[in-house]
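Using the hints, position chain Y against chain C.
One-letter residues, chain by chain:
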Amino acid sequence: MTNVSRRVLIAMAVLAAALVSPSALAQAPKGKLVLYTSQPERDATQTTTAFKQAYPGVEVEVFRSGTTEVMGKLAAEFAGGQPKPDVLLIADAASMETLKKDGRLLPYPEAKVTGLEPGTFDADKTYFGSKLITTGIAVNTAAKGRPASWADLAKPENKGQIAMPSPLYSGAAAIMLGTMTTRSDLGWSFFEKLKAADAVAVRGNGAVLTAVASGEKPYGVLVDFMAFNAKAKGSPIDFIFPAEGVPAVTEPVAMLKTTQNPAAARAFIDFILSDEGQKLALSMGYIPARSSVGSPSWLPPGTKIKLMPTDIAMVVQTNSANLKRFAELFGN
Amino acid sequence: MADTAGWRERVEDTALLWGLVGVVAILSLLPLARLLLEGIAPNGQYSTAALSRILSSSTTWTATQHSLVTAFGGTLLAVLIGTVVAVLVSLTDIRGRNAFVFCFVLPLMIAPQVVALAWLQLFGPSSALLNMIGLAPPMGSRNPLYSAEGIIVLLGVQYAPLVFLTLRAGLRTLPQELIEAGLAAGARPFTILHTIVLPLMTPPLVAGIALAFVSCLGNFGIPAFLGIPGNYLVLPTLIYQRLAGLGPGVLSEVAVLSVLIGMIAVLGLFVQDLMLRRRDFRVTTTSNPMRPFELYRWRLPVEIGLWTLTIGVLVLPFFALVLTSLVPAIGVPLTSTTATLANYDYVLFDHAAAKRAFVNSFGLSAAAAFIIVFIAVPLAYFLVWRRSRLLRMLNLVAEMPYALPGVVLAIAAILVFLKPLPLLGISLYNTIWIILFCYLARFLVLGLRPVISGYYQLDRTLEEAAQIAGARLVRRLRTIILPLVAPVATAGALLIFLTAFNELTVSALLWSSGAETLGVVVFSFQQGGDSTYASALAVLTVAVTITLMLSTLLTTGKLAQGVLPWRG
Numbered sequence: 001m002t003n004v005s006r007r008v009l010i011a012m013a014v015l016a017a018a019l020v021s022p023s024a025l026a027q028a029p030k031g032k033l034v035l036y037t038s039q040p041e042r043d044a045t046q047t048t049t050a051f052k053q054a055y056p057g058v059e060v061e062v063f064r065s066g067t068t069e070v071m072g073k074l075a076a077e078f079a080g081g082q083p084k085p086d087v088l089l090i091a092d093a094a095s096m097e098t099l100k101k102d103g104r105l106l107p108y109p110e111a112k113v114t115g116l117e118p119g120t121f122d123a124d125k126t127y128f129g130s131k132l133i134t135t136g137i138a139v140n141t142a143a144k145g146r147p148a149s150w151a152d153l154a155k156p157e158n159k160g161q162i163a164m165p166s167p168l169y170s171g172a173a174a175i176m177l178g179t180m181t182t183r184s185d186l187g188w189s190f191f192e193k194l195k196a197a198d199a200v201a202v203r204g205n206g207a208v209l210t211a212v213a214s215g216e217k218p219y220g221v222l223v224d225f226m227a228f229n230a231k232a233k234g235s236p237i238d239f240i241f242p243a244e245g246v247p248a249v250t251e252p253v254a255m256l257k258t259t260q261n262p263a264a265a266r267a268f269i270d271f272i273l274s275d276e277g278q279k280l281a282l283s284m285g286y287i288p289a290r291s292s293v294g295s296p297s298w299l300p301p302g303t304k305i306k307l308m309p310t311d312i313a314m315v316v317q318t319n320s321a322n323l324k325r326f327a328e329l330f331g332n
Numbered sequence: 001m002a003d004t005a006g007w008r009e010r011v012e013d014t015a016l017l018w019g020l021v022g023v024v025a026i027l028s029l030l031p032l033a034r035l036l037l038e039g040i041a042p043n044g045q046y047s048t049a050a051l052s053r054i055l056s057s058s059t060t061w062t063a064t065q066h067s068l069v070t071a072f073g074g075t076l077l078a079v080l081i082g083t084v085v086a087v088l089v090s091l092t093d094i095r096g097r098n099a100f101v102f103c104f105v106l107p108l109m110i111a112p113q114v115v116a117l118a119w120l121q122l123f124g125p126s127s128a129l130l131n132m133i134g135l136a137p138p139m140g141s142r143n144p145l146y147s148a149e150g151i152i153v154l155l156g157v158q159y160a161p162l163v164f165l166t167l168r169a170g171l172r173t174l175p176q177e178l179i180e181a182g183l184a185a186g187a188r189p190f191t192i193l194h195t196i197v198l199p200l201m202t203p204p205l206v207a208g209i210a211l212a213f214v215s216c217l218g219n220f221g222i223p224a225f226l227g228i229p230g231n232y233l234v235l236p237t238l239i240y241q242r243l244a245g246l247g248p249g250v251l252s253e254v255a256v257l258s259v260l261i262g263m264i265a266v267l268g269l270f271v272q273d274l275m276l277r278r279r280d281f282r283v284t285t286t287s288n289p290m291r292p293f294e295l296y297r298w299r300l301p302v303e304i305g306l307w308t309l310t311i312g313v314l315v316l317p318f319f320a321l322v323l324t325s326l327v328p329a330i331g332v333p334l335t336s337t338t339a340t341l342a343n344y345d346y347v348l349f350d351h352a353a354a355k356r357a358f359v360n361s362f363g364l365s366a367a368a369a370f371i372i373v374f375i376a377v378p379l380a381y382f383l384v385w386r387r388s389r390l391l392r393m394l395n396l397v398a399e400m401p402y403a404l405p406g407v408v409l410a411i412a413a414i415l416v417f418l419k420p421l422p423l424l425g426i427s428l429y430n431t432i433w434i435i436l437f438c439y440l441a442r443f444l445v446l447g448l449r450p451v452i453s454g455y456y457q458l459d460r461t462l463e464e465a466a467q468i469a470g471a472r473l474v475r476r477l478r479t480i481i482l483p484l485v486a487p488v489a490t491a492g493a494l495l496i497f498l499t500a501f502n503e504l505t506v507s508a509l510l511w512s513s514g515a516e517t518l519g520v521v522v523f524s525f526q527q528g529g530d531s532t533y534a535s536a537l538a539v540l541t542v543a544v545t546i547t548l549m550l551s552t553l554l555t556t557g558k559l560a561q562g563v564l565p566w567r568g
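Chains as they are written, first to last, in the working numbering: chain C, 1 to 332; chain Y, 1 to 568.
Accuracy of the hints is not assured; some may be wrong.
[Stated by the list, open to error] Covered stretches of chain C, going by a simulated chain Y footprint (3 or more residues, C-beta under 8 Å):
1. 72–84
2. 120–129
3. 165–174
4. 204–211
5. 223–236
6. 312–326
[What the hints assert, rightly or not] Derived BS3-like pairs (lysine-lysine); straight-line CA-CA distance at most 25 Å:
7. C:Lys-144 with C:Lys-84
8. Y:Lys-419 with C:Lys-195
9. C:Lys-101 with C:Lys-112
10. C:Lys-125 with C:Lys-101
11. Y:Lys-355 with C:Lys-100
12. C:Lys-32 with C:Lys-144
13. C:Lys-100 with C:Lys-304
14. C:Lys-195 with C:Lys-159
15. Y:Lys-419 with C:Lys-257
By construction, these hints were calculated from the structure, which means they are not laboratory data. All of these numbers come straight from a predicted model, not from anything done at the bench. Idealized CB from N, CA, C, for every residue including glycine.
Excised from the complex, chain C in its bound form (with noise of 0.2 Å):
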């Protein structure tokens, strides 16, 4: 059954790129492309062989590291008055926001955003997510409970027994913290439940998946691909959809307005947004945030994922006053 449909995805990839290879060929943009990206570095290898592929004509540069690293050059790059990479491929939408605030991004109007998830891509079509990275309960195989909600999981059975990404060094996680403190289901007494049952907010997601596959706590809130890529090579662990719904990151992209080549910058975000891009997004274990494409071999086939909404000018609006919230709640 997955073989075929695997297969079936295979045939459909090729058909596409033999769709996408003449037009493309007919811009034919060139030279010297710069990304900066916080990918894990096998995805980001396989993504820039393939635009390379796809546009033989453009050289790829890439630099690769954490999201606060690459955040963090970004900035001093902007302080020195230099920006160098044309394009971004970066964890969240909170940082693309913050960027498109201070006028840093390019928008890109024609971009294909027909068919892409709604709420994906900004409205101003500066930044346009590629994937949806969920974030949902890890379990340990060996553990008591398997918490079906997150209203489960604060139970106060589970005391000592969670660890969660800490939102003051992730933003994916802030983003977390911003999305379920304003639904009415969740709140703020999510947190402060969390706190009761002595919650442990570690540095990352590596953290978190360190400590539940070793059984040091055995739930955690993690992101999905990393449960299930551990999970495929045969970590103790499982994963789980919570009831009230999931919620996400994009992984979004976009061009910079300093871009030395907007021929080319473009050229990628239109090769992300592809059904070509998305399918490898699809190969790499991410749910692609173009759903026609398919869904990752480890989603049961039918699954269909509750998505919590999530209004990232708000967000980043209340980002501050929430990790300051977060920090007092969590602070000894």
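Below, chain Y without anything else, positioned relative to chain C:
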């Protein structure tokens, strides 16, 4: 004739002095000054907004207070462990001395976050060891290491080798005659230790304390692992928070916080100066090594104690690394059927960047160690013997690039090197040279402090004799002084090499493709959730370093005794 010689001497002196002033100013002062400018004048417009925002925030002062507590606590513990071990190893008749020195130095090159993780697992519910003896805490109990005490313990353990290495180099110059005189006068070993040995060892001890203090102050890995879950905020983690917390004026806030760290580091330096003031530590070294104190029936217990310590400091974290590198995925129990070498296979043969990173990191850290020693020897000459006022001011700044989190130094370097160099028109940005620049700036102090302590203990008469005989400064430095300070210089070079080899935070912002460092590759693996690859690479790094260090035993026959800490 005599006049020309004197004139030449003065020209050479002045040229060397100003050359050194220039080097230190460019390495230490330039990036910091540029960053500071960003703090008070973002985008070229003077503004105190960031300054007042940071200074009026209670979080800043909590973090400052915590930083002081952990830095002092960690230093105290590091000095305690480092001193006791150095004295026992250098002055008593314990067996297996060289092997022990070797093992005690190695932890420096295991990244702090690896050490932290190993200890967390050791005391956590999934601890293989505690489970074996039935003492493992139940799932969900709070790990005791998530606390200020936990941070202090790990900082102390991590930086004890710094104190140990500086002190060991100093102890090798201990004059045999003084101790024998003491013994002849009927003093007991402990009296000799605290009335003769330790007072004479003040300079290396002070150097070790200073290094441990800035290291603890600037460490990010340990408080990130233990302090973030335990809600114990220190200045380096606060800086990361600001960087992650999307907002305008981030750089200005980071710059202001960096100045706070810098001021604490300078404070430590003043204390150091106070301890060395107006006292004389000069010794003349005889060629005879001191006869070691015999421990008699205490020898075995002492040996057992030292090796237990080694197990805690080196074997445990290393063992944890090896275990993780042998399983296919985290959390899979290691058995004869699950054990695999696939991670090594991937890192060695499938991953091109890993090999490149190895060559890069080796080249960068070796180059940094060499260059810094050749800067530090003449620099310390002017600092200690000539007491050049200008250089002493710059000496205060030299500490800062090491005390700041690496990410801050990297940002400062970007601000300086983003545009091509003036006049030359060459751009260092996005090349490996900007990383080398940062390593030189960052690790200068690691080489400088031990060498300075060496000068305090040297008698100047030999140099003066050479001067009277007509040898000019550069020649005296090369033929008289360098051989005399060689043991401390080697200790410094070793500290630099081992620390730079696994450096991560600077290169995480500065690497470009082809110029990856080991730290960058390990970090990439960890971030993508591939800790098993990261562990395999770390194990290989340690293995290669051990091989390199062992090979020094075979190839450095010509070096005088006492130069390598693990020989003789």
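Now the hints, each set against the structure:
| no. | hint | in the structure |
| --- | --- | --- |
| 1 | 72–84 | holds (count 10) |
| 2 | 120–129 | violated (count 0) |
| 3 | 165–174 | holds (count 6) |
| 4 | 204–211 | holds (count 6) |
| 5 | 223–236 | holds (count 7) |
| 6 | 312–326 | holds (count 4) |
| 7 | C:Lys-144 with C:Lys-84 | violated (51 Å) |
| 8 | Y:Lys-419 with C:Lys-195 | violated (48 Å) |
| 9 | C:Lys-101 with C:Lys-112 | holds (23 Å) |
| 10 | C:Lys-125 with C:Lys-101 | holds (13 Å) |
| 11 | Y:Lys-355 with C:Lys-100 | violated (39 Å) |
| 12 | C:Lys-32 with C:Lys-144 | violated (54 Å) |
| 13 | C:Lys-100 with C:Lys-304 | violated (32 Å) |
| 14 | C:Lys-195 with C:Lys-159 | holds (9 Å) |
| 15 | Y:Lys-419 with C:Lys-257 | holds (19 Å) |
The structure shown violates the earlier hints numbered 2, 7, 8, 11, 12, 13.
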